[in-house]
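A.B. asks: Residues per chain, in single letters:
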Amino acid sequence: MNLRKYLKVYKKFLHTSLASELEYKTNILIDLITAILSLIGSIFLLSIFFQNNGYIGGWKFEQALIIQGIYTILNGITNTWFNPNLTEIVKHIREGTLDFVLLKPIDSQFFISLKKLNPSGFLEVMLGLFLLLFCVRINQINLNLSFLTLSLITISCSICILYSLWFFISTTTIWFVKTWNAIEVLRSFLYIGRFPLNSFSFSLRVFFSIFIPIAFITTIPSEVFLGFSQLWKILLEFIVATIFLITSRKFWLFALKFYSSASS
Amino acid sequence: MLEYRVEIALWAISGIIPFFMLNIWTNNNLNESINISDVMLSRYFLCAFFVRQFSVVWVVFSFEEDSLMGKVSPYLIQPLNPFFRYFAQHLAEQLTRFPFALIIAFFFFIFNPESIWIPNFGILLLSIVSTFLSFLIQFLIQSIVACLCFWTEKASSIERLLFIPTLFLSGLLAPVVSFPDYVKSWIYLTPFPYLIDFPANLLSGNEANISGGLSMQILWIFLLFPLFKKIWSEGTKKYTAMGS
Numbered sequence: 006m007n008l009r010k011y012l013k014v015y016k017k018f019l020h021t022s023l024a025s026e027l028e029y030k031t032n033i034l035i036d037l038i039t040a041i042l043s044l045i046g047s048i049f050l051l052s053i054f055f056q057n058n059g060y061i062g063g064w065k066f067e068q069a070l071i072i073q074g075i076y077t078i079l080n081g082i083t084n085t086w087f088n089p090n091l092t093e094i095v096k097h098i099r100e101g102t103l104d105f106v107l108l109k110p111i112d113s114q115f116f117i118s119l120k121k122l123n124p125s126g127f128l129e130v131m132l133g134l135f136l137l138l139f140c141v142r143i144n145q146i147n148l149n150l151s152f153l154t155l156s157l158i159t160i161s162c163s164i165c166i167l168y169s170l171w172f173f174i175s176t177t178t179i180w181f182v183k184t185w186n187a188i189e190v191l192r193s194f195l196y197i198g199r200f201p202l203n204s205f206s207f208s209l210r211v212f213f214s215i216f217i218p219i220a221f222i223t224t225i226p227s228e229v230f231l232g233f234s235q236l237w238k239i240l241l242e243f244i245v246a247t248i249f250l251i252t253s254r255k256f257w258l259f260a261l262k263f264y265s266s267a268s269s
Numbered sequence: 157m158l159e160y161r162v163e164i165a166l167w168a169i170s171g172i173i174p175f176f177m178l179n180i181w182t183n184n185n186l187n188e189s190i191n192i193s194d195v196m197l198s199r200y201f202l203c204a205f206f207v208r209q210f211s212v213v214w215v216v217f218s219f220e221e222d223s224l225m226g227k228v229s230p231y232l233i234q235p236l237n238p239f240f241r242y243f244a245q246h247l248a249e250q251l252t253r254f255p256f257a258l259i260i261a262f263f264f265f266i267f268n269p270e271s272i273w274i275p276n277f278g279i280l281l282l283s284i285v286s287t288f289l290s291f292l293i294q295f296l297i298q299s300i301v302a303c304l305c306f307w308t309e310k311a312s313s314i315e316r317l318l319f320i321p322t323l324f325l326s327g328l329l330a331p332v333v334s335f336p337d338y339v340k341s342w343i344y345l346t347p348f349p350y351l352i353d354f355p356a357n358l359l360s361g362n363e364a365n366i367s368g369g370l371s372m373q374i375l376w377i378f379l380l381f382p383l384f385k386k387i388w389s390e391g392t393k394k395y396t397a398m399g400s
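If you're matching them up, the sequences are chains E and Z in order. Counting from 1 along the first sequence, just add 5 to a position and that's the residue number in the working numbering. Counting from 1 along the second sequence, just add 156 to a position and that's the residue number in the working numbering.
It cannot be assumed that every hint is accurate.
Said to hold, decoys possible - Computed beta-carbon distance windows for the label pairs:
| id | chain 1 | residue 1 | chain 2 | residue 2 | range |
| --- | --- | --- | --- | --- | --- |
| 1 | E | Glu189 | Z | Ile272 | 25 to 31 angstroms |
| 2 | Z | Trp273 | E | Phe18 | 54 to 60 angstroms |
| 3 | E | Thr92 | Z | Ser229 | 25 to 31 angstroms |
| 4 | E | Phe66 | Z | Ser341 | 21 to 27 angstroms |
| 5 | E | Glu100 | Z | Phe381 | 56 to 62 angstroms |
| 6 | E | Leu258 | Z | Gln245 | 34 to 40 angstroms |
| 7 | Z | Trp273 | E | Phe115 | 50 to 56 angstroms |
To be verified - Calculated lysine-lysine pairs in the DSBU-like style (CA-CA distance at most 35 angstroms, straight line):
| id | chain 1 | residue 1 | chain 2 | residue 2 |
| --- | --- | --- | --- | --- |
| 8 | E | Lys16 | Z | Lys394 |
| 9 | E | Lys96 | Z | Lys393 |
| 10 | E | Lys109 | Z | Lys393 |
| 11 | E | Lys30 | Z | Lys386 |
| 12 | E | Lys96 | Z | Lys227 |
| 13 | E | Lys121 | E | Lys65 |
| 14 | E | Lys121 | Z | Lys394 |
| 15 | E | Lys30 | Z | Lys394 |
| 16 | E | Lys96 | Z | Lys340 |
| 17 | E | Lys238 | E | Lys109 |
| 18 | E | Lys16 | E | Lys262 |
| 19 | E | Lys65 | Z | Lys386 |
| 20 | E | Lys121 | Z | Lys310 |
| 21 | E | Lys262 | E | Lys121 |
| 22 | E | Lys13 | Z | Lys310 |
| 23 | Z | Lys393 | E | Lys120 |
| 24 | E | Lys109 | Z | Lys227 |
Rather than coming from a laboratory, the hints here were simulated on the basis of the structure. Just so you know, even glycine gets a beta-carbon here, dropped at the ideal spot from N, CA and C.
All chains, full assembly: derive it from the sequences and hints.
C.D. replies: And the structure:
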């Protein structure tokens, strides 16, 4: 792996995709309004849950807001990178243009995962960061170095898990060709990440920690923010993220063996 | 449509968010404060799932793709409004989705045997009508948005924007009864509660104002239909085929 080469190529990717996306300026504005409205909507929903209850699954309203903040950041990242790129895999495979990707003297997973970029997702990430900062104030969390590193580590692990889930589902296109609906299923499951895991019944909790590790994606980082996360959970999240990344990579290489271009 | 069984099954699964919401409601005893029993609430969310399955609309995405690919031009020559084509597609897919929805309902009843109920025939008929009306409202709204494709290339982002209030205010995630008063005071004037909350309440046997709800649905259809006709005729005048 030649890191310098990849950095240089990524710079070019950034440049071209920003240039093409900025052609649709009103679109970016509409996407921003959508992100703001959807955040307002989920806070509204939370406020309904907390109308007559002080606690949901052991979380106070102010604490549950942290989960919303982290979810918004992760959703922004999904919209910036994962969604525009990984839905493109479907197109590549259907139209046979994956051939050209495979022929390039660069890692195919790198190319396919980072080629495009949707700038409106950035704004959503910012929105989530503002909400998190606000939560830090109302929950009186004192920021120090160890807290910051721990939360950064857990959030990056969440991003890795999320990426692997998306990549994994998109890779199955090689066999099934159309996976829009599988992505919709993933999206609707990820929606659960907006709420604390403890507010679900035991069976769902097990399901969302083992089969689709949504628990790891938002709940553990939020617990780190509140300072009541145990070390073993953070370690576990790290291990899960590593396993997911490695498996998704292996799965991609495995799937490529079955790729036989379009109409062949 | 039957060729895409797996897809449609997956799509049916992607609609199960109401069940997760139900889980939050009952697991935290949130329903006590709004005076709905566990059983009634679980029926409500099951019905919300059903109504959503049979009123989901995606015409704007199909139309956007067709118009970007230049497929709209041949449609325009045909003596039939192309939206009939999409309308028929939606109806066909709803029919194929029915068995999958039934399977999901079957599993739901296995886990919640106490919430089994059989609505009487009249109510069932009325709720089918109101679900269909809800589908019509959503189809009209989305067709209006789809017509914006004549002016802008990406009408689907406007649709995504409109989807947010639909998601939160239609009763898919929480019954409208549970909303705070400052929202309830104006929400019944908007089309949103008639999309899912009203048909679901009707079907599940929760409190519903039958005549009021149905007439509001019809009123919205009568408001939206001329608007669609207007924007369609304006749009087709404006239309120039791709590459001209």
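A.B. asks: Are the hints correct? Go through all of them and say.
C.D. replies: These are the hints, each one checked on the structure:
One distance hint, 25 to 31 angstroms for the beta-carbon pair Glu189/E and Ile272/Z, holds here, with the actual separation near 29 angstroms. At about 56 angstroms, the beta-carbon gap between Trp273/Z and Phe18/E stays in the expected band of 54 to 60 angstroms. Taking 25 to 31 angstroms as the suggested C-beta distance range, the pair Thr92/E and Ser229/Z conforms, at roughly 26 angstroms. Between Phe66/E and Ser341/Z the Cβ separation comes to about 23 angstroms, which falls inside the hinted range of 21 to 27 angstroms.
The supplied range of 56 to 62 angstroms is broken by Glu100/E and Phe381/Z, whose beta-carbon atoms lie about 38 angstroms from each other. Restraint check, Leu258/E to Gln245/Z: a C-beta distance of roughly 38 angstroms satisfies the suggested window 34 to 40 angstroms. Checked against the given bound of 50 to 56 angstroms, the beta carbons of Trp273/Z and Phe115/E, roughly 55 angstroms apart, stay inside it. Between Lys16/E and Lys394/Z the CA atoms are separated by roughly 40 angstroms; this puts the pair beyond 35 angstroms, and the hint is violated.
For the proposed pair Lys96/E and Lys393/Z, the alpha carbon gap of about 33 angstroms is at most 35 angstroms, so the pair holds. As the CA atoms of Lys109/E and Lys393/Z are separated by approximately 45 angstroms, the hinted pair breaks the 35 angstroms bound. The hinted pair formed by Lys30/E and Lys386/Z meets the criterion: a straight-line CA distance of about 27 angstroms does not exceed 35 angstroms. The suggested pairing of Lys96/E with Lys227/Z holds, with an alpha-carbon distance near 18 angstroms, which does not exceed 35 angstroms.
At roughly 39 angstroms between alpha-carbon atoms, Lys121/E and Lys65/E are farther apart than 35 angstroms, so this suggested pair is violated. For the hint pairing Lys121/E with Lys394/Z, the CA-to-CA distance comes to about 32 angstroms; that is within 35 angstroms, so the pair holds. This hinted pair checks out: Lys30/E and Lys394/Z have alpha carbons roughly 22 angstroms apart, not beyond 35 angstroms. Restraint check for Lys96/E and Lys340/Z: the C-alpha separation of about 44 angstroms exceeds 35 angstroms, so the hint is violated.
Distance hint between Lys238/E and Lys109/E is unfulfilled; the C-alpha atoms sit about 40 angstroms from each other, more than 35 angstroms. Distance restraint check for Lys16/E and Lys262/E: the Cα-Cα separation of roughly 30 angstroms lies within the 35 angstroms cut-off, and the hinted pair is therefore satisfied. Of the pairs offered as hints, the one joining Lys65/E and Lys386/Z is violated, with about 50 angstroms between alpha carbons and a cut-off of 35 angstroms exceeded. This hinted pair checks out: Lys121/E and Lys310/Z have alpha carbons roughly 17 angstroms apart, not beyond 35 angstroms.
Restraint check: the Cα-Cα separation between Lys262/E and Lys121/E comes to about 25 angstroms, which is no more than 35 angstroms; the hinted pair holds. A C-alpha spacing of about 31 angstroms is found between Lys13/E and Lys310/Z, which places the hinted pair at or below 35 angstroms, so the restraint holds. Using a Cα cut-off of 35 angstroms, the hinted pair Lys393/Z and Lys120/E is violated, with the two alpha carbons roughly 38 angstroms apart. A threshold of 35 angstroms between alpha carbons decides the hint, and for Lys109/E with Lys227/Z the separation of about 33 angstroms falls inside it, so the pair holds.
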